[in-house]
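Protein chains: 2
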Amino acid sequence: MAFKPALITGINGLVGPYLARHLSSHGREVIGIDIHEKCMTEGIRYLQADICDSNGIKNIFNTVKPREIYHLAGISSPQEFNHKPYGSFQINLMGTISLFEAMKDLDHSPIMLAVGSAKQYQSSGYSGKLLETSDLAPNGYYGVSKNAVEMIAKFYVSQYNLDIRLTRSFNHTGPGQSTQFVCSDWAHQIASIVSQKASPVLSVGNINAVMDFSDVRDIVEAYRLIVERGKKGEVYNVCSGKGTPLKYILDSLTTKSLSAISVSVQKDKVNDFASNNQLIGDNSKIFRETGWHPKIPIEKTLDDLYTWWLEKLNNS
Amino acid sequence: MAFKPALITGINGLVGPYLARHLSSHGREVIGIDIHEKCMTEGIRYLQADICDSNGIKNIFNTVKPREIYHLAGISSPQEFNHKPYGSFQINLMGTISLFEAMKDLDHSPIMLAVGSAKQYQSSGYSGKLLETSDLAPNGYYGVSKNAVEMIAKFYVSQYNLDIRLTRSFNHTGPGQSTQFVCSDWAHQIASIVSQKASPVLSVGNINAVMDFSDVRDIVEAYRLIVERGKKGEVYNVCSGKGTPLKYILDSLTTKSLSAISVSVQKDKVNDFASNNQLIGDNSKIFRETGWHPKIPIEKTLDDLYTWWLEKLNNS
Chain B
1 MAFKPALITG
11 INGLVGPYLA
21 RHLSSHGREV
31 IGIDIHEKCM
41 TEGIRYLQAD
51 ICDSNGIKNI
61 FNTVKPREIY
71 HLAGISSPQE
81 FNHKPYGSFQ
91 INLMGTISLF
101 EAMKDLDHSP
111 IMLAVGSAKQ
121 YQSSGYSGKL
131 LETSDLAPNG
141 YYGVSKNAVE
151 MIAKFYVSQY
161 NLDIRLTRSF
171 NHTGPGQSTQ
181 FVCSDWAHQI
191 ASIVSQKASP
201 VLSVGNINAV
211 MDFSDVRDIV
221 EAYRLIVERG
231 KKGEVYNVCS
241 GKGTPLKYIL
251 DSLTTKSLSA
261 ISVSVQKDKV
271 NDFASNNQLI
281 GDNSKIFRET
291 GWHPKIPIEK
301 TLDDLYTWWL
311 EKLNNS
Chain Z
1 MAFKPALITG
11 INGLVGPYLA
21 RHLSSHGREV
31 IGIDIHEKCM
41 TEGIRYLQAD
51 ICDSNGIKNI
61 FNTVKPREIY
71 HLAGISSPQE
81 FNHKPYGSFQ
91 INLMGTISLF
101 EAMKDLDHSP
111 IMLAVGSAKQ
121 YQSSGYSGKL
131 LETSDLAPNG
141 YYGVSKNAVE
151 MIAKFYVSQY
161 NLDIRLTRSF
171 NHTGPGQSTQ
181 FVCSDWAHQI
191 ASIVSQKASP
201 VLSVGNINAV
211 MDFSDVRDIV
221 EAYRLIVERG
231 KKGEVYNVCS
241 GKGTPLKYIL
251 DSLTTKSLSA
261 ISVSVQKDKV
271 NDFASNNQLI
281 GDNSKIFRET
291 GWHPKIPIEK
301 TLDDLYTWWL
311 EKLNNS
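These protein sequences, in sequence, are chains B and Z. Residues in the first sequence are numbered from 1 upward in steps of one, following the working numbering. Residues in the second sequence are numbered from 1 upward in steps of one, following the working numbering.
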């Protein structure tokens, strides 16, 4: 049986390892690329590459001849983007254009999934569920970089007939996520407190937002199904379709501790929801076109995330 | 009298020298930057700089403290862009983001004019005059790069309150233009034939397009007036509002020669209108808001362009 080569960019991020395992178990030969020297995922082929190195990427595409490309690489933390905007635009815009150009030069026509974000939408003041046709007017660098990529991707689809499919992925989390993201930050702090490696004070930023959280293990299935059953040039919300208040997540995580934890709200602590009050997606399009629906409840996600941190801290 | 510092990026292009002289005569101290070692315009302050060098640009902005920034730099030839897309996206996207970031870091608030293109519009099949509200769906790299810049510029306006004003400049020409552009290409060929430096055969590509041509000397006045009287975050068509068939330009230029010139249509010769049949702009917005209207008829522009080439060839 010939396995279909599937290339994952940014294999060392949160989603990469889950996607690699998922695709391996669905008949793909997975090739991962990332900028680091080493790959964090075992059992796959790894190539170190900078996606902004246009010629290097062309060489990899010509060697690997991927049938599917899952483009996860890029700056995924809005705070990190804000911290170094020029370099982040470089990675998110030019790194993606480099992949489009390499794809254009291939003799065969692979399918690319390019991951976008809920932060592409206009968030302020909107209380309903966001549809793919809702207004795009992001209030941060990260969102506007993804909108620019989406515009350019659609150009490559219409002018060069590339098979690019796009997501607007809402928040997702799970074991392995960095503390740049709110659930993992809180789970890490509480696991540190429970392990008696920190004093019982949880430092939080904005806790008033209501966000749409999915489990990373559901997300990777959505990505595969968009590639298998989605359509060229289309954009798909990838989301739970449910609003979860950050306060609910806070409560769920703090109950992991048997002793009391005090919560210290710090106005200058920026988390990924600093300026968004609500971002809840409508997932009817992806369900209709691919059959995907989320299966893992947020409670299990938070349990697993907390347990992962606890084990990591106890082994360190 | 204190002159207002006005920075021009891409001072060595077609528009730069005309704009420098125009601004100097309207009370500005002109500072030009370009990537070349030398400046082609006398009597202004020149700084060699790569607009993609984000830190270098910040230093220049902090030193010069421009009150006005005229951003002309970038790949302006669609053919050149097609020839090296990755490098051209780099210059047009990242070079402009570098300027926005440098502008954001200034203590004062300058006005920036960022030059876009008629090629941002959807061209195929549309026979009316294009308004600023017309559909944007470019059929080439150059146009999509300008649309991406426009999207990102509007983000900097809304999020960081930068005073950026945008143009969609239609075709313009005049003495000094490179032969990458059709009028200058033809004028150069005919001047070569008349000077007996070439055989009497004019090589042309697509001659069926109907385009909107302005004189570069009118264009620079439009740019100054947008900065003086236009509005933050607004987009202005800069155009004559008239369609001129390329065949008319061909006839006007071939009559410069007293002896017969044969025209050789070469299907594979790509000029800047390879795939656009018609792009005619509506200039009522810029007239209404700034009072600008074009003054120089196309016949004078072509005369001056031809005479310039003739003198250049005779002096070479």
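Calculated from the structure, these hints are not laboratory results. Hints should not be assumed to be uniformly reliable.
[To be verified] Listed below are several chain Z residues computed to face chain B (Cβ distance under 7 Å; list not exhaustive): (1) C52; (2) N82; (3) F89; (4) I91; (5) I97; (6) V144; (7) A148; (8) I152; (9) F155.
[Claimed, not checked] No farther apart than 20 Å at their CA atoms in a straight line, the calculated lysine to aspartate or glutamate pairs in the EDC-like style are these: (10) K154/Z <-> E101/Z; (11) K84/Z <-> D53/B; (12) K84/B <-> E101/Z; (13) K84/B <-> D53/Z; (14) K154/B <-> D135/Z; (15) K295/B <-> E221/B; (16) K84/Z <-> E101/B; (17) K104/Z <-> E80/B; (18) K267/B <-> D53/B.
[Said to hold, decoys possible] Derived DEER-like restraints, expressed as beta-carbon distance ranges: (19) K247/B <-> R45/Z: 25 to 35 Å; (20) G128/Z <-> K247/B: 48 to 58 Å; (21) S158/B <-> K269/Z: 52 to 62 Å; (22) N314/B <-> D105/Z: 23 to 33 Å; (23) N277/B <-> R288/Z: 36 to 46 Å; (24) N277/B <-> D105/Z: 22 to 32 Å; (25) S178/Z <-> Q159/B: 18 to 28 Å; (26) D53/B <-> E80/Z: 33 to 43 Å; (27) N277/B <-> T133/Z: 27 to 37 Å.
Remember, predicted model here, so these are calculated numbers, not experimental data. Ideal Cβ placement from N, Cα and C applies to all residues, glycine included.
Here is what the structure says about each hint:
{"no.": "1", "hint": "C52", "result": "violated (9 Å)"}
{"no.": "2", "hint": "N82", "result": "violated (11 Å)"}
{"no.": "3", "hint": "F89", "result": "holds (5 Å)"}
{"no.": "4", "hint": "I91", "result": "violated (11 Å)"}
{"no.": "5", "hint": "I97", "result": "holds (5 Å)"}
{"no.": "6", "hint": "V144", "result": "holds (4 Å)"}
{"no.": "7", "hint": "A148", "result": "holds (5 Å)"}
{"no.": "8", "hint": "I152", "result": "holds (6 Å)"}
{"no.": "9", "hint": "F155", "result": "holds (4 Å)"}
{"no.": "10", "hint": "K154/Z <-> E101/Z", "result": "holds (13 Å)"}
{"no.": "11", "hint": "K84/Z <-> D53/B", "result": "holds (14 Å)"}
{"no.": "12", "hint": "K84/B <-> E101/Z", "result": "holds (10 Å)"}
{"no.": "13", "hint": "K84/B <-> D53/Z", "result": "holds (14 Å)"}
{"no.": "14", "hint": "K154/B <-> D135/Z", "result": "holds (15 Å)"}
{"no.": "15", "hint": "K295/B <-> E221/B", "result": "holds (10 Å)"}
{"no.": "16", "hint": "K84/Z <-> E101/B", "result": "holds (10 Å)"}
{"no.": "17", "hint": "K104/Z <-> E80/B", "result": "holds (18 Å)"}
{"no.": "18", "hint": "K267/B <-> D53/B", "result": "violated (39 Å)"}
{"no.": "19", "hint": "K247/B <-> R45/Z: 25 to 35 Å", "result": "violated (57 Å)"}
{"no.": "20", "hint": "G128/Z <-> K247/B: 48 to 58 Å", "result": "holds (54 Å)"}
{"no.": "21", "hint": "S158/B <-> K269/Z: 52 to 62 Å", "result": "violated (25 Å)"}
{"no.": "22", "hint": "N314/B <-> D105/Z: 23 to 33 Å", "result": "violated (45 Å)"}
{"no.": "23", "hint": "N277/B <-> R288/Z: 36 to 46 Å", "result": "holds (38 Å)"}
{"no.": "24", "hint": "N277/B <-> D105/Z: 22 to 32 Å", "result": "holds (29 Å)"}
{"no.": "25", "hint": "S178/Z <-> Q159/B: 18 to 28 Å", "result": "holds (25 Å)"}
{"no.": "26", "hint": "D53/B <-> E80/Z: 33 to 43 Å", "result": "violated (22 Å)"}
{"no.": "27", "hint": "N277/B <-> T133/Z: 27 to 37 Å", "result": "holds (31 Å)"}
In terms of the numbered hints stated before, the structure departs from hints 1, 2, 4, 18, 19, 21, 22 and 26, listed from lowest to highest.
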